[in-house]
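Student: Sequence:
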Amino acid sequence: MTPGPGASPFGPGSTAPAPTGGPAVPGGSTSTAPAGPPTLLIALTGLVAAIGIALGAVFWGQWIAGIGWLLAGPVAICILAMFISTDTSRRAQPIYLRPGWMSAAYTAVMILIVAGVIVGALGFAFWVGRR
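The sequence shown begins at 1 in the UniProt record's numbering and counts up one residue at a time.
It should be emphasised that the hints constitute simulated quantities derived from the structure, not laboratory data. A hint or two may mislead.
Claimed, not checked - Distance windows between CB atoms, simulated:
(1) P94 / T39: 16 to 24 Å
(2) P74 / R130: 23 to 31 Å
(3) P94 / L47: 29 to 37 Å
(4) A125 / S103: 29 to 37 Å
If you're wondering where the values come from, they're calculated on a predicted model, not measured in any experiment. Glycine residues also receive a C-beta, built at the ideal position from the N, C-alpha and C atoms.
Construct all of the structure, not just a fragment, from the sequences and the given hints.
Tutor: Following this line, the structure appears as structure tokens:
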């Protein structure tokens, strides 16, 4: 059965291209506000990892170094996962602007996390070894 003149070949309610040539967007128009990476989350990740390093180094050989490991390890990695998830969803926006320094910040945060895990784990291990 062929559609009549002026009828959509895809049936009623289809999302066929609009008469102007642009795609039809169900439910409204898309936003053209530029999106960027969640800089607050990457900064928070670095801060938590740095606090973990400080706790591991200051309280070397004490049980509090384990808290430093916990902050620099699982807590910082969870915040980093939220950063990656949010950044990925923002990249799907029509306009995404990523500052040039973001790659360096991400690398620095990863180095802080690894250093914090090592310092906290060793500090805690020395405490356990002396017990």
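Student: If you check the beta carbons of A125 and S103, does the distance land in 29 to 37 Å?
Tutor: holds (33 Å)
Student: Determine whether the Cβ-Cβ distance between P94 and L47 falls within the hinted range of 29 to 37 Å.
Tutor: holds (32 Å)
Student: Holds or violated: the 16 to 24 Å window for the beta-carbon distance between P94 and T39?
Tutor: holds (20 Å)
Student: Does the Cβ pair P74, R130 satisfy 23 to 31 Å?
Tutor: holds (25 Å)
Comparing the model with each earlier hint shows no violations; every hint is respected.
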